[in-house]
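Novice: Each chain, written out:
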Amino acid sequence: MDMQIETRLSDQIARYMDLATSELKLTAANMANIDTPGYKAMGMDFEAEMREALNGVDQGRGARPVSVKAVDGLIARPDGNNVSMDREGLNLAEAQLKFKTGVALLHQEYQREMDAIHADSK
Amino acid sequence: MNLFGLMETSGSAMQAERMRAEVVAANMANAETTRTASGGPYHRQMVVFAASQGDPGFLNSLADASGGASSTGSASMPAMPSTNGEAVAPGVEIAQVVEDPAAPLKRYDPGHPDAGPDGYVSYPDINPLTEMVDLMGATRAYGLNSSAVQAEKGMISSALEIAKS
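Chains as they are written, first to last, in numbering that gives the first Met the number 0: chain A, 0 to 121; chain B, 0 to 164.
It is possible that part of the hints are untrue.
To be verified - 30 Å max Cα-Cα, derived DSSO-like pairs, lysine-lysine:
(1) K105(B) with K99(A)
(2) K152(B) with K39(A)
(3) K39(A) with K68(A)
(4) K105(B) with K68(A)
(5) K97(A) with K68(A)
(6) K163(B) with K97(A)
(7) K99(A) with K39(A)
(8) K152(B) with K97(A)
(9) K68(A) with K99(A)
(10) K163(B) with K152(B)
(11) K99(A) with K163(B)
(12) K39(A) with K97(A)
Please keep in mind that the hints were generated in silico from the structure rather than gathered at the bench.
Bound conformation, chain A alone (with noise of 0.2 Å):
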């Protein structure tokens, strides 16, 4: 049987991880833009990136750019920006516990390997 360091489930955390990290960027270029005249907030669909991404890695495909697009559904001020504290608030603190979420997982299948590689020397 073979062993790799990089398996299948650490790739898949590793997209994980991109994934919220492009969710907070967005949700960082959002807040930095909630005064800006005319500015409409940016978001993206998750699932679908991850699904597509979950693909990606048992085709092997590297990771692609994520497809973003205005937010439909909010209201926009008189200025024209749509940015809403409280969307921006709720997606800051989501992408933050995905990104724990997969910083753990990505930790204990590491020290899966490790338990591995250290089951002979007890």
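Given the coordinates of chain A, assemble chain B onto it according to the supplied hints.
Specialist: Chain B alone, transformed into the frame defined by chain A:
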């Protein structure tokens, strides 16, 4: 994925909001100023924010330097996410600081050295309420972006935990 780029985005916003607060402070400080370098009373200043396109120089030169290596799948430098070629604004910048063209307020004070021949003195049209609301907005937006920086810092340090046993 570049976590440090996020700090640049939030940092540009914090810089812009600080500048906005400074302009508000200058307005309030000069609420009674009747003499300026350009002559006449002080005029209220306002900042204009614009979504910045950032400085692509560093990333581009990095991508150029890594050359062909960047085309090999996951090793590539992921570009800023884009929607049909249109890049997401990586931050905000102050496009310009404009002067409020509103006419000065006239107050009758014939003893004032800057009084006109009719005895009226021109004072800047500055409303403390407007300025305070603007200052509050700047403070809140500054806090919002600084909490984003806090989140980014948390993510970077938790990423460092991966390698710890």
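Novice: Next, verify each hint and record whether it holds.
Specialist: Hints versus structure:
Annotation: proposed proximity of K105(B) to K99(A) is violated, straight-line Cα distance about 60 Å (limit 30 Å). For the given pair, K152(B) sits about 26 Å from K39(A) by alpha-carbon distance, which is consistent with the 30 Å threshold. Taking the CA atoms of K39(A) and K68(A), the gap is about 10 Å. The hint holds against a cut of 30 Å. At most 30 Å may separate the alpha-carbon atoms for a hinted pair to count; K105(B) and K68(A) exceed this at roughly 51 Å.
Of the supplied pair hints, the one linking K97(A) and K68(A) holds, its CA atoms being roughly 21 Å apart against a limit of 30 Å. This hinted pair checks out: K163(B) and K97(A) have alpha carbons roughly 19 Å apart, not beyond 30 Å. Of the pairs offered as hints, the one joining K99(A) and K39(A) holds, with about 28 Å between alpha carbons and a cut-off of 30 Å not exceeded. With a C-alpha separation of about 15 Å, the suggested pairing of K152(B) with K97(A) holds against the 30 Å cut-off.
At most 30 Å may separate the alpha-carbon atoms for a hinted pair to count; K68(A) and K99(A) meet this at roughly 25 Å. The suggested pairing of K163(B) with K152(B) holds, with an alpha-carbon distance near 18 Å, which does not exceed 30 Å. For the hint linking K99(A) to K163(B), the alpha-carbon distance of about 14 Å falls within 30 Å, and the restraint holds. Between K39(A) and K97(A) the alpha-carbon distance is near 25 Å, which keeps this suggested pair within the 30 Å criterion.
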